[in-house]
Amino acid sequence: MSTQTTTLDAPGAQLVQQRIAWRTPVIYLVVGALAFVFFGLLTSADEVTRFTVSTSRDFVTISPFAVPSKLVGLVLSVAALGLAGWATYLTRERRKVPTWVPITFGGLVLLAFLVWVMAGNGNALPLTLLLTGALVLSAPLVFGALAGLLCERSGIINIAIEGQLLAGAFLAVVVASITGNPYAGLVAAPVAGALVGGVLVMFAVRYWVDQIIVGVVLNVLVIGVTNYLFSTVLTQNPQALNNPPRLPTLPIPVLSQIPVIGPVLFNHSLVIYLMYAAVAVLQVMVFRSRWGLRMRSVGEHPKAADTVGIKVNLTRVKNTVLGGAVAGLGGAALVAAGLAFTKELTSGKGYIALAAMILGRWSPKGALAAALLFGFADSLRQVLGNLGSPVPSQFLSMLPYLATIFAVAGLVGRVRPPAAEGKPYVK
Amino acid sequence: AAAPDEESEESPEAGGESTGEMVDYTACMISDEGGWDDASFNESGFEGLQRAGDELGIETKDAESTDPGQYASNVDAMVQEGCDLIIGVGFALEDAIEAGAQANPDINFALIDSAFSDTEFNPVTYDNAKPLLFNTQEAAYLAGYMAAGVSETGTVATYGGQPFPSVTIFMDGFADGVARYNEDNGTNVQVLGWDKEAQNGSMIGNFSDTEAGRTTTEQFIASGADVILPVAGPVGAGTLNAASQAEGVKVIWVDSDGYLQPANEENKDLILTSVMKLIGNAVFDTIENAVNGEFDATPYVGTLENGGVDLAPLHDFEGQVDEELVAAVDDLKQQIISGELVVESPSATPTE
Amino acid sequence: MKLELRGITKRFGPLVANDHIDLTFEQGEIHALLGENGAGKSTLMNVLYGLYDPDGGEILVDDAPVRFEGPGDAMAAGIGMVHQHFMLIPVFTVAENVVLGHEPTKGGAGIIDLAEARRLVREISDRFGFDVDPDALVEDLPVGVQQRVEIIKALSRDAKVLILDEPTAVLTPQETDELIGIMRQLRAAGTSIVFITHKLREVKAVADKITVIRRGKVVGTASPKDSEAELASLMVGRSVVLGVDKAPARPADVGLAVRGLTVIDERGARVVDDISFEVHRGEIVALAGVQGNGQSELAETLLGLMPATGGSITLDGAELLGRSVDDVLRAGVGFVPEDRSTDGLISTFSIAENLILDLHDQAPYARAGSLSPSRVAANAEQRVGEFDIRLTSVQDPISTLSGGNQQKVVLAREMSRPLRLLVASQPTRGLDVGSIEFVHKRIVAERDKGTPVLIVSTELDEVLALADRIAVMYRGRIIGVVPGGTDRDVLGLMMAGVPAETAHKDAAAHHTTLGAADLEEQQ
Amino acid sequence: MSSTGTVVTPPAEPSRAPEDERPSYLQQVLDSSWMIILSAIVIALVASSVLIAAANAEVQEAATYLFARPGDFFGAAWDAIYSAYSALFRGAIFDYQADGLRRIRPITETMLASTPLILAGLGLAIGFRSGLFNIGAQGQVLMGGAAATWIAITFQAPVVVHVVLACLAAVVVGGLWAGIAGFLKARTGANEVIVTIMLNSIAVFLVSYLLTTSVLAGGGSRPISPPVGPNAQLPLVLGPPFRLHWGFIVALLAAVGVWWLLERSVLGFRFRAVGANQEAARTAGIRVNLMFVLVMITAGALAGLGGATQILGTDKTLQASSAGSIGFDAITVALLGRSTPLGTVLAALLFGALRAGSPLMQTSANTPIDIVLVIQASIVLLIAAPPLVRSLSLVHGIAKWTGRSGKEARA
Ligand SMILES: Nc1ncnc2c1ncn2[C@@H]1O[C@H](COP(=O)(O)OP(=O)(O)OP(=O)(O)O)[C@@H](O)[C@H]1O
Ligand SMILES: Nc1ncnc2c1ncn2[C@@H]1O[C@H](COP(=O)(O)OP(=O)(O)OP(=O)(O)O)[C@@H](O)[C@H]1O
Ligand SMILES: [Mg+2]
Ligand SMILES: [Mg+2]
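Protein chains in written order, with this note's numbering: chain A, 1 to 427; chain B, 428 to 779; chain C, 780 to 1302; chain D, 1303 to 1713.
Keep in mind the hints are simulated off the structure, nothing from the lab.
C-beta: ideal position from N, C-alpha, C; glycine also.
Errors might be hidden in some of the hints.
What the hints assert, rightly or not - Only some residues are given here: those of chain B computed to face chain A with a beta carbon under 7 Å:
1) 635
2) 661
3) 664
4) 768
Let the sequences and hints guide you as you build the complete structure.
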């Protein structure tokens, strides 16, 4: 610390070398070795793995191809092991391991896994669709996690994400059906989410009700209300009330024509682009803007914020309502393909979003990464279930949840929530 | 153990044409966790109950269950409310209905999709409890044959909500139907999403996540499937949605005729046919018999023969499907009805 | 700006913390508030700053009544406050903390202009000779530096009235000296300052006017020229002996022996670097040093909270290193942590529970895994009487106690059982003179019972009052061991890293304000 | 989110005491907590009656000619509301329409429904008091229920022994399942909220899978276990027609045990210390990481036992969905009970009553089950918000009015 007293000169001499953090390289090495044995050595030599990379709708079509499973498995896992070795070397030399290393390593191991699991399968693995599926499935989770972090960063625990997603999806469907305009639904969804957020924060701030109670109860309330409206109103006239048009796909010129990346990232409806924008904007605003600074101060130490004239409760109200609105958008994303409303169609996604928020350490880009991890595992489980795998479907269904536990225990570790979350501010 | 004969003599007369006039009879129904709007067997059963209420002039009561803990209390509430006939929907209600039947010998019971058995899984019967069963696999077999014949890509697909017997019975019949087509025509049409041998395949994991149904279907389509059978209640809407975005992909609906459902109006032209399981009719018939004092506890088994299960009309695909194929399907139907061909599924309830 | 309080009353349940207080703060004047722990000083200031709503009375700014709905209003009226408990956000940087609430922005989107914020921090630091890194995270800073951040924060808003609630409790003599300089500078510029402290020496050095509060009431005013003893007795309501009457130590055999101790923290810094010293039975050794020179780590390692990388710590010949905290406590070590609120107390627990925090599994409080609430309460009543802890009920949460009384709870707990070693960090931080007198007597009594005592303190008054020997720590090493009663300025220089002999020479040349005052008093 | 564990008890009222210092007698009565709860329930029922009326077919019909014959509308509304709430009362407390012993059966049904909620709620309460936010009761209940079922259907043992063994298995498996989250938190710092949410889903899939194998399905082909034999069932407390079984007594004993653990035991002192301030707990010689594991194991054991009572006492068979919403309701139950054992028991009884009353509300009053959910939610929200209830209640209005007039009189 260069901030001792004025009489001290800057220290530094006694700063010995950083203790080496062996955990990460060890994980790389173990995973790499396992990949080498299972995805390489133990694969039978005369099997092939088939891939399709593009769909007929793509600009550049690449025809399906097959690769020898064992050889490719070996090559990929050896490459991964190499990277792991290099990362170990860098760690020992106390040099920083560049960010692309874990990403590439993960990619290699994953590919090796796919080659292994599809070895000998008569069907080809639709690679592009696997990734598109991951993105689309994670979109509601991303919005949900962003909503959660907006609330929690200001000190309000938002367990009601599930209810906000559901309310958003409901209103989006109804409004889009009545107006016949999918964009009207996209505008309406945040209103529903914000309303739920408003109730949450009213009870939390005005009546000091435990925020978790309010959240859990609001979920029940929204389920009850939407179920009721669905049964009594929507089913009476599904044509007019529960028949939303599809949000049109808007391919981004040029970008959408890049092979693989184009269809995966740049050939979506507006709601996915809104997701990109929301993550990018919030990442900047939460950490760099006046609004973000004040929001975080209120979530960390409300009394300190109060002593510099920040209106603690007002800040919480505003952010929770905004968060609710963002979650509402997530509901819209869930039905963006023009899906009709069905009872409890969020099926627990709000809770997964909550986990993604924590896994992402209450930061927008972290939330994106965590949601993508879950979405990818979910997409992969679908693909494997569809194409036939020896693993019982129940175990495939566990995949996303196991992957999340692995991520939080193995890669992320201790996370620190906003210090004042869940505590009502009473002077 | 059939219903005692004396009962019919004692019961009051309730004529066939009873529209409007009130009859002193209460028929009651309890859903499983799906609830009445499950776009599946609860909904079909409930329609039967409502029809009975309208047409027979009887009183009806219903209770939805949200979890297994409520089955017994719902049966009890029905008994308290003076129901004459209590119908449970789904195998999950077996124990609750069974206990109710034992405790209330003067009330009639019925159970959809399951027979009664004891702890050792030996079938048991009760004089006042009637199982309503369906050989769904028979109709699904025809659908599989039809799907294989219609497929241009040589790949068809199916997925379920959860691996329940009432779900996989569709998938078993479907897979066998496709295999039969391959056998008859020397083709190699593939079924994605279900392996009958291993009893394992593609499952959404619930009956509510339409979006997952949509993405699953997209993946099937990407893998070349062009006829898809979703067996997951409302999740099927996701399949219709995905099919509407692809060229030449057809959907086979389940439970009721999907072409006629208002919710499917937009995409009904994609519905090739439906594997119908006419629970509503079975429920209505059971209630009607009971009202007329003709309740009997012998299991009702819906088959192609008695129309309890069936393949829906082709509607818009009429004339588009190869006539030979239609003829072959009709022929198979006759074979099944005659007993010449037996379609098996481990999920079918054995009835002697 | 002139600020006037009229009839301010504030109650907490049955307790009247401020009882019809009338006070006037004139422009350009340093007004000291004195009062024992729990007298109601902080409460009064919180009312003035808009944090508490008074139950009665009014505030006048330049003779016009005002009503503060919250601190925002108070700030707008030109009042700034440095709180007794820091109002800093630990995960923010210094610059972020300083500009919070009045952030400079650039562009339309409200993005904070960090360059401007840093410039602001630097400008104020330079003006007052602070050395604070605007980009350091506050939680990584030693408490002394955090205090400066608080002051910078208050100054950055150009307050016309500045309230300083015990700002010097965590400062070194040099730092205190600087602060006094700053206060004078501000006074010259027309700022009024309300200065709360327990250190009479400081009051005498800087205050223009002194008001004494006792049990929520103003009991009188005093002049800076009055002697410390006069001030003290006015404050406490009885005469106080300043400075401890202690017999010379009669050291027996070695109790605590630390040999070659080295500690490396998580960041890889060698925070304790090959340290060796001994504390004899019946002797008080003080570890003096500027905060952040490894004393806290040394104390934590003694208790088993931090692992050591090398060396040994023996107590009466038995090794302590490698044993669990529980074991060390059971071996008879009494431990007063330097930060009572995070390490010493559980704020939501009752006072009675806090009084047995590290004894909860021992007889007579626990038998066969079961606690006896009546014995816990009886113990509490006894300690409360013994240590004169001011409270309403021992079953109240400890968070309702004033800062000083909380500290007494920790001391009462640690000193109330048979000890074989007492390690106390900043034992009298925040205590009033009366309480300090009492605590010091207790510590000396502990020594006289034959217990080795290790005092870790940045407070030279305390070191001088208690220590039989003084070890000065600098950057993880002991730079020298000098006898108790060594000149204040010499110690100050040693704490800045100057070896003992050089320090003796230098000290004669430049005296600090307080050091000079000391010498004056001695003459 | 560990910081959320310490349940914030809202302070009595903001300290903006009005000028008149002594609250009127009416206000004092109103401030007593049972009055608050009573008012909360009344207000929630009044609020929900709007929905009940709106959901009723006759009311909807009468509404179409509301202006022509408003009497019809209000009559129908009154009938709908009256029949719904009388059904709730008859289903949950006392059935005045039944004969003989059956009249008091509803209250025993309420106790029955509250049994797993008490046990799971107690487990969660321990977690909350120890600073751990365990969302995993759902999975722990299911795993406990599955373990009990496995013992019950796989082994033979004499009366008493069999059911005790089955319950023990539930305690162990529930404890271990929750212990995973505690262990991962202690070892790697993994946030328990994430891990327990994930473990909930994993438990459902694991049990679904086991229900397709002979482990839990016996020899059946359906994903449902065979009924547990008489030896393994929890015995009835009162005998037929009452379904109330010994699980309820066990739950009450567990509540006493948890009270002792939290308030009177050394271990509980450590749990609470860790929950309130980890640093201070560590300095006081408490092994914080060990406490995390122990807290989770205790919580899981209680939730697992709750699952066992549900299967061995109430349901008799196991399905993947047997946990219903017990685990999630238990979160509300524990928090509503302020994480104290007595509060948890009372809150669980409230939930049990709403649950026990819902079948009759559906069958007798035609109230849709979804409305029952809404009623539940509003009652809970209002009970949790005393200030809101105070400001809404009629008595408050009167108190304010009399207070004011009294002051005027004094002036
Ligand atoms: N929030 C509170 N609730 C209840 N009592 C309180 C609260 N805050 C302070 N008190 C009580 O009010 C009295 C005055 O406390 P205050 O903090 O003003 O004392 P102080 O003069 O600043 O003491 P110290 O020198 O120890 O800081 C004490 O008895 C304290 O216990
Ligand atoms: N990141 C760092 N780089 C260089 N030196 C460091 C760093 N962190 C700590 N040090 C040094 O390690 C020693 C101990 O630091 P630390 O701030 O932990 O002290 P401390 O005694 O615990 O202070 P406090 O009383 O604030 O807790 C100091 O000498 C400090 O200069
Ligand atoms: Mg104070
Ligand atoms: Mg430190």
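Comparing the hints with the structure gives:
Proximity of residue 635/B to chain A holds as hinted, the smallest CB-CB distance being about 5 Å (cut-off 7 Å). For residue 661/B, the interface hint holds, since its Cβ comes within 7 Å of a Cβ in chain A; the closest pair sits about 4 Å apart. A distance limit of 7 Å between C-beta atoms decides the matter here; for residue 664/B the minimum to chain A is near 5 Å, and the interface restraint holds. At its closest, the beta carbon of residue 768/B sits 27 Å from a beta carbon of chain A; the interface hint therefore is violated under the 7 Å criterion.
Going down the numbered hints, you'll see the structure goes against just number 4.
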